[in-house]
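Residues per chain are reported as follows:
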Amino acid sequence: MKAMTGPKEHPLDIYLRAERLPHIWCPGCGIGIILNSFFRGLMESKLDLDKVVMVSGIGCTGRAAGYVNLDSFHTTHGRAIPFATGMKLANPELKVVVFSGDGDLFAIGGNHFIHAARRNIDMTVICVNNFNYGMTGGQLGSTTPLGARTTTSRTGSIEQPMNIPYLAAASGAVYVARWTAAHVGKLERTITEALLKKGFSLVEVISPCPTYYGRMNKQAAGLEQMRYYRDNSVIKHGIDPKHAAIEYQGEIIVGKFVDIERPYLPYPQDREWQINLR
Amino acid sequence: MTEDGCLVGEFFFSGNEACTEGAISAGCRFFGGYPITPSTEIAERMSERLPEVGGAFIQMEDEIASMAAILGASWGGVKAMTATSGPGFSLMMENIGLGLMTETPCVVVNMQRAGPSTGLPTLTGQGDMMQARWGSHGCYGIIALSPDSPQELFDLTVKAFNLSETYRLPVLVMSEAAVGHMYEKVVIPPPGEIEVVHRRKPTVPPEKYLPFKPDADLVPPMANAGEGYHFHVTGLTHDERGYPASSVEVQDKLVRRLVDKVYKNADKIIEVEEDRVDDAEVVVCAYGISARVSRIAIEHARDMGIRAGLLRLITVWPFPEARVRDIARQVKAFIVPEINYGQIALEVERCAGGAARTILVPHMGGGVHNPETILDVIRQAVR
Ligand SMILES: Cc1ncc(C[n+]2csc(CCOP(=O)(O)OP(=O)(O)O)c2C)c(N)n1
Ligand code: SF4
Ligand SMILES: [Mg+2]
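So the sequence lines, in the order shown, correspond to chains A and B. Position one of the first sequence corresponds to residue 1084 (this note's numbering), numbered consecutively onward. Position one of the second sequence corresponds to residue 8 (this note's numbering), numbered consecutively onward.
Errors might be hidden in some of the hints.
What the hints assert, rightly or not - Listed next, the in silico DSS-like pairs over lysine-lysine satisfying Cα-Cα at most 25 Å (straight line):
#1 B:K192 / A:K1085
#2 B:K260 / A:K1085
#3 A:K1134 / B:K215
By construction, these hints were calculated from the structure, which means they are not laboratory data.
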C-alpha cells in the first residue's frame, strides 16, 4: 500500500510510511539517522521511486524496510542479498537496495555477501554495523571488536572481528565506503554515489547501539558513542581497506576505499556479451 | 519450436527434461538453483533454455540462496522455480516458510533420493513427503504434486505453476529419482492448448491497494515490485496493509487464511486417479513410482480373482481426505506401498478412521518395491 499523501511537514515525508510511526528503535540508536541519510542520498540520486526497492533481513536494522514508502521486503535472517539478487535478475529495471545489520549481512548471511560481490550484481548494500546483535539483546557478532563486551562475551570478545571493507573489496565489490552515524553529510553523498554506481556497492556505517553495545562498553548514551566516532574517525580515501580494521575503542578509518569498473550482472547487453564469448 | 521458444511435439525425454519444458511452457522465466543429484539436469537444461526464451538463470551459492532468489524473482514479476533433492530441500525450508507467509507464487521441484542425510545420492526415495507437508515451522497450507511419469512431470510442472499463481504460494513437485531419470515419450501440445494461469492483479489505484486483503477465494490480488504500488512485504505476522502487527487477533486471522485458502479450495486443487475402485474390496493407495509398481500387483491380483483397485494420489497435499474416507466405508483394507517407513500411510490411516485397515508396505529406499511384495500383502489383506 502506498502511504497516503497529505500536507507535507518535511521534505523527507514522502519517503516514510508515516502511519507506521512511532518506530521501534531505542532513543539514541543510530539506525534512524542512517535511514535519514539514505533518504537524502536517494533524493539526490533522482532515481524513480517507483523503481527503487528496499530489501532487508532480520534485526533492528532490518526493520527499516517496514518504514520506507517504497516497495519494501523484510525477508529472513541473512537472506536479503539472495532475495534481492533474484529480484534484480528478474527485473533489471529495478534499483535494488539492501539495508541490513552486520550480523544479518556478515554472520548468517556472509556467504551470500561474498557471492553477490563476486558476481558484481548491480545492487547497493548498506550495512549498519553496531558491533553486535541489537535485536536479540546485544550478543557478540562477527564485527564485535576484540576485547569488547557483549551479552555473550561478558569478559571481552576473544575473536578476531571481520573487516567489512576489506572483505567486500577482496570479494569483488566495485564501490566500497565506510562512514559513521556522525558523518551524515558525507554519508548522504556516498549513498547517492553508491546508488548511481553500476555493479555491487557496499556502504558500511558504524552506528551506536546505546542499549546494548554502548551500555556494555561504557558508552551508555548514544551521544557518547557519537562523540567517540567524531573524535576517533580518520578519513583516508583510497587506502587499501586491508588497513581499515577496527580495534576496540580505537581509531575508525572512514572514507571511500574502492571505486572501480568491471562487468556486472545483469549485464545490459547480456545476450551480445554472451554471444561474443562463444 | 514455437516463436517464443516453447517446444511442441513428441519427444523422448527424461523426467527432468520434461519438467524443464513444462516450466518453460508454463511461462517460468527465472531459475535459481544449486546442483544436486538427481535433479541437476533440470538446472543444466534451464541454463540453456531460459536465455533462449528471454529468461534468467543463476546458479546460486547454496539452496538457501536459491529459494530466496526465486521468491525475489517472483516479486520482481516473473514466474520462478528451483529444483533440488533431499539435502537441498532441507536447506530451503525456512524460505519456503517465507514464501508461504508472504504468499509468493513459485515452484519447488524435489527429485527425492534416499535419505536421511546424504543417504543414497543417486538412488530413489519417497522419504520427504511429510517434510513437504510440515517441514517449515508454524502452521500453513501447502500444495504438493506427485508425478508418475516424464509426461506427468511435464503436465504437473505446468499445473504447479498454475496453482502457485492462483493460490499464491510455493507449490511443491514431489518427484523422485526413479521418475526424473526415466526416459519415455512426452507429448507437448501447442501453446494454445496448454492452460497457463497468471497471478491476479490489483484493480485499485496504489493508495487503495491492500496487498494482503483477500478476495472471496481467500487469495489477495498481487502487485509486483516496480509497478508503483509501494507496498510492504514481511515474514512477520501482518495485517491486510502488509504491516507487522503482533497481536493474537491478527495472527489468528492471517494463519487461518493461509491454511484455509488451501483447504477451502481443496476440491478445486485435488486430483487423483482411480482404477477399479468401484467394486474393490482392497485399494492400493500409492503415488509416484510406487503407483506404477502397484499397477502390476493389482493386475495380478485381479487375475487371481481378488477385487483390487488403485487410488493414485496426483495431489498429495492437500490430502484427498474426503475420498479416502468414502472408500474406507467400502473396502476391507488400504495398502500403502511407499519408499519410506510410513508417511502417507499415516494420512490414509487417519482418514480411514478405523472403517478399513491400513497396511503399510515400506521400502527403505534405493530402489522400488517388487510388485510381488505388494501382491502378497493384497492377498493377505483379503484372506
Ligand atoms: C534463522 C534465525 N536465527 C536467529 C534469529 C534471531 N535474530 C534476529 S535478529 C538477529 C541478529 C541481528 O543482528 P544484526 O543483523 O547485527 O542487526 P541489529 O539488530 O544489530 O541491527 C538474530 C540472531 C532469526 N531471526 N533467524
Ligand atoms: S537495541 Fe540497539 S540497535 Fe536495536 S534499536 Fe536499540 S539501540 Fe538500536
Ligand atoms: Mg548489529
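Against the structure, the hints:
1. B:K192 / A:K1085: violated, 50 Å
2. B:K260 / A:K1085: holds, 23 Å
3. A:K1134 / B:K215: holds, 19 Å
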